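Can you make the complete structure from the sequences, with help from the hints?
First to last, the sequence lines map onto chains S and L.
Taking our numbering, I'd label the letters of the first sequence as residues 32 to 412.
Taking our numbering, I'd label the letters of the second sequence as residues 32 to 412.
By construction, these hints were calculated from the structure, which means they are not laboratory data.
Here the structure is a predicted model, which means the values were calculated and not measured.
Per the computed footprint, the stretches of chain L lying under chain S, defined by three or more beta-carbons under 8 Å from a beta-carbon of chain S, are:
hint, region
1, 113-120
2, 339-353
Computed spacing ranges between beta-carbons, pair by pair:
hint, chain 1, residue 1, chain 2, residue 2, range
3, L, Q126, S, A263, 25 to 31 Å
4, S, Y310, L, G327, 16 to 22 Å
5, S, Y50, L, S368, 55 to 61 Å
For glycine and all other residues, C-beta sits at the position ideal for the given N, C-alpha and C.
Number of protein chains: 2
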Amino acid sequence: MVSDDVPERALQLRSQVTYQAAIQVSVEDVDVPVPGPDQVLIRMGAAPINPSDLGLLFAGADLSKATAGGTAERPVITAPLPPAAARATASRVGQSLPVGNEGAGTVVATGSSDAARRLAGKTVAVAGGAMYAQYRCMDAAACMELPDGVGAVAGAASFVNPMTVLGMIETMRDEGHTALIHTAAASNLGQMLNRVCIEDGIPLINIVRSAAQLKVLTGQGATHVLDSTTDAFMDDLTAAIAETSATIAFDAVGGGHLASRILTCMEAALSAGRPFSRYGSDIHKQVYIYGSLDRGPTELTRSFGLAWSVGGWLLTPFLVKAGPARIAAMRERVAASITTTFACGYAGQLSLAETLQPEAIAAYARMATGTKYVIVPDATD
Amino acid sequence: MVSDDVPERALQLRSQVTYQAAIQVSVEDVDVPVPGPDQVLIRMGAAPINPSDLGLLFAGADLSKATAGGTAERPVITAPLPPAAARATASRVGQSLPVGNEGAGTVVATGSSDAARRLAGKTVAVAGGAMYAQYRCMDAAACMELPDGVGAVAGAASFVNPMTVLGMIETMRDEGHTALIHTAAASNLGQMLNRVCIEDGIPLINIVRSAAQLKVLTGQGATHVLDSTTDAFMDDLTAAIAETSATIAFDAVGGGHLASRILTCMEAALSAGRPFSRYGSDIHKQVYIYGSLDRGPTELTRSFGLAWSVGGWLLTPFLVKAGPARIAAMRERVAASITTTFACGYAGQLSLAETLQPEAIAAYARMATGTKYVIVPDATD
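Quick look at the structure:
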């Protein structure tokens, strides 16, 4: 099945690290793919800009030095890469890469298989890269059909944040913990984690960086919300850990002292009232860094014994380990509550061309709380 | 069985954090314990000063400000604790603690059980704290009988370093790695690890901090020895990792950038020639910190993707996980080669009183390569 109005060429956003140590992001005309027997062609209605997209999109470039070129319909943004960013992206120099982890849209053409044809005309959510485009071809099996009445914008963020939130909870359980700590907790993802933890009765300690963010989460029913900028933070965190026995944290900040402070408070809470041990408590304390809101080095003071670990956490390897059955159960839960528990709020919508306007970049690339945008690739500019 | 010459009181070294935020280490007269049915009393012939003993002994005190008191036979050393050290040892304030992880000596009294009586007169190696003493009572089952002709000094270090070396190798295997990186590799422990890796055919990358240390290990047959103070270090380490596929490191340094540099080189070696991935390679990279030669913060630049982990490693929890059968096999290997593969060299011997002389402390507390001392508690001062 192919709709009559599918064009042969359409727009796609692409990112390239140049041989001159710069990032170049552009809106390009590309061929619209033709679906294979088990595939469907999706006209993309919405694709969120997640923090995890920005690394591929801008490669750590200094966006304060960005220059705009091209035309209004085919804009090009160029910005220089600092030396560390250039080193880290050496292996992608000269490659024009599509961007966009997830999105949703309408199936406008299908392959010949039953599984593909069954999706004709449906609104589906998908993940897998290259979503900042007017059309995206996907395997039918990878499509998550959205419930009736849920449009592309409402369903665009059905994978990254919801599956990350559920993946954190599954990781907590897999590794024998019973309560969670989360940083940058007023984020879209943090608010979602708070809703899921309330639903599931999991004690959650939310760490934020301002009184305003604290108010957001308290207003949403969070029990433990701590502002890391206050003097009482370490004492308050120690008390909250003593109360909840939270021995695992998911940290979106990455740089600075936050991971170290969390481990220090865990150790203080866990060793209180116990006899002195020269090696610290024997209770394992885990911090997983899953974001880099602070790109500076992680500084660990190691005043928390030897039963600790700090490591990277990423959704994809977790899903590989979890296997198809658990993934299916997680997906089912997300689809059933995509407009409630797993809903995502946006500061605004951007067409593909608008995504490359300097003012828009300045707004969404800050990754500040409340500045999440969604790209609507099918918008007429 | 009790020898006629076992006194009722004998000397023991004890360490106490005072309410005035100071460490006070002294040689005290204490009761000589009487062994229970399954126990033996050991006249301690030798107990090494391992880096792992210094934390309990001096609690991170500023030894440059140490003052000596007491008498020649019953010396007392006092030194102030910097604020961080005082905080870290708050739970041991006012407690007088015995010191000394391991040692060896002669069984001079036994309980009534067969297992205990069988050890009468034997030279045994033991671990479990309080070894800096003239007498130590132990369960017979915890004693490792030393081979004929091996004296207390030769057998004093039969546990900490040998079991740590074997524990590192077992951990490497348990976690799916096939080659090792080791830092501060010219240490007593490092030289031992090098001998075991050569015996077992395990590729080992030794990282040292001087040309002299490099020479020591090269002279002992090490294939990969890298000096981290050279300009070529990062390139050389990357090349050695590419050659050996070493994805796990045991780091005795702890502070500074070394763990981060190792992870960076692992990632560079592992991702070379592969297509760019925005999240780095998917091969897990592990650094275990097991020492604190540099007590400063660990700084991680996080330019090595998300498949990484830095954590504390300690022998005891590893042994608990390994279980009795594996421990027995490890012990057997150590006992069989205690004067060869697992031999330990000392810069000198110290009586209990000499251990508290300022010049002696200055020598062994530096933890510099080649400054390992052994305490001989039964020496006549």
